[in-house]
Amino acid sequence: MDEYLKGLIGKDLYNEIISIISLDKLSEIRLRLDKEVALKDVKDRFFLKRITTQKMINDVVYRATNHSLYAYQEEIASGFIHCDFGIRIGLAGRGVFSDEKIISFKDFSSINIRIPHEIIGCSDQIQALLSDFKNTIIIAPPFAGKTTLIRDMARVLSNRYDVTIIDEREEITNRNSHFSFGPLCDSVLGIPKALVFEGIIRALSPEIIILDEIFPKRDEVVVEGIHNAGIRIIASLHGDSIEKFIQSYKKLASVFNYGVLLSNKPHAGSIQSIVRFNFGD
Amino acid sequence: MIKWIAGAALMVITFHIGFHIERYYKKRADLYNDFLDFLRYTAREISHFKTNILTIIDDYTKCKKSTFSELLGKVRDDMINASTINIDTLYLKSDEIKEITKFFYSIEKSDFSSQELLLKRYDAEINEKACLFLKQKKDKGELAKKLCILLGIGIMIVLI
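Here the protein sequences come in this chain order: A and B.
Using the working numbering, the letters of the first sequence map in sequence onto residues 1 to 281.
Using the working numbering, the letters of the second sequence map in sequence onto residues 1001 to 1160.
Hints listed in this document are in silico derivations from the structure and should not be mistaken for laboratory results.
The hints are all genuine.
Below, computed lysine-lysine pairings styled on DSSO-like, alpha-carbon distance capped at 30 Å:
#	chain 1	residue 1	chain 2	residue 2
1	B	1109	A	106
2	B	1093	B	1109
3	A	244	A	217
4	B	1064	B	1102
5	A	11	A	55
6	B	1109	B	1098
7	B	1102	B	1062
8	A	106	B	1050
9	B	1062	B	1026
10	B	1065	B	1120
11	A	134	A	251
12	A	49	A	106
13	B	1102	A	55
14	B	1146	B	1003
15	B	1109	A	55
16	A	6	B	1062
17	B	1074	A	55
18	A	6	B	1109
19	A	11	B	1050
20	B	1109	A	101
21	B	1102	B	1120
22	B	1109	A	35
23	A	55	B	1098
24	B	1120	A	101
25	B	1102	A	106
26	B	1074	A	6
From chain B, some residues computed to sit far from chain A (all C-beta separations above 10 Å):
#	residue
27	1009
28	1010
29	1021
30	1044
31	1086
32	1102
33	1147
Predicted model, so just to flag it, every value in this text is computed and none were measured.
Cβ coordinates follow ideal geometry from the N, Cα and C atoms, glycine included.
With the sequences and hints as input, model every part of the structure.
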């Protein structure tokens, strides 16, 4: 991954970053126009003396899109670009709007390069939930380790069950990822959950489906469809309270047997609570 | 004897010049014909698969070995490693090099909806030029070769 990252951000910036923080700890590189380059690990934030220029931002965007903005248009319209090795780039800039839809972004003013880390064994903390697996929802605010936990759960479960990961944003796995999964793992990448779940149920016959970052209003039908087909589910959701989730989305919550709340304090990946829901089966 | 040697040498030189002139026109026609072929391949890859331009160049150059493929390989390297694309070939004039370079800058930065228009516009322009260069290859290139051969034979006859 280091060679890829070097190519993506440029050799000079890469060397400057590595002199401050090692790659295995680095979680985020933020380039904000005319501001100092900001770095983040699981606990702290660091700043480089280097000031971000428009050229630095544009160069990263062009490299990340393999010099083909058109090939990443849907992703750019959703505000991100997925890269090799599970690296994701969040985008900020001027949106291009047409027919009440964002069709693209231009004049990029900030980018957030997020570097994934595989923490093998991080799901050991919820081992009891994995042994006789039932529908589980992971709730966490951003940068709290949802994807890392889900990835490790997928690794453990795909040794025993046929697991399909529906990875719309290619964050859990992707084509060139180095992540470890069991022998029974399939992944469907880059397609909206709602468009693909029926085909997966029919064709891949999974025992467990993993959905990263569901949005209740949009994905409720998907979760219910999978549940009604008799397939178990792991899903993750942005939030900071299991109670709030149950109150706000009672119907959706009734699909799940367990809720795991993660926090980014004291550090990303901290489990705050595990709740067994009273509804469910 | 010296006349024979001088005549033969001059004949070889004129033949050589003739073949070079023909080769120049042939290469120009081939380059534009291959560029047109590449444009059509790119249009198919983008409209069906939204394949990125680096992969398109990789796949195309693997399947087709030609002067244009070598030039494409250089464009690819420049896109990855340099901030500007530099095309260097004896067979194209500076405005033609600029036209090809501009295509790659445009495709790199435009969105999906602009691609179809861009590729159609280039297809029409390059098709027209490819036809013109093919005609020039026949009219000028082959004519120049024949004239040079005749000139060489003529010199030989005059000298002996």
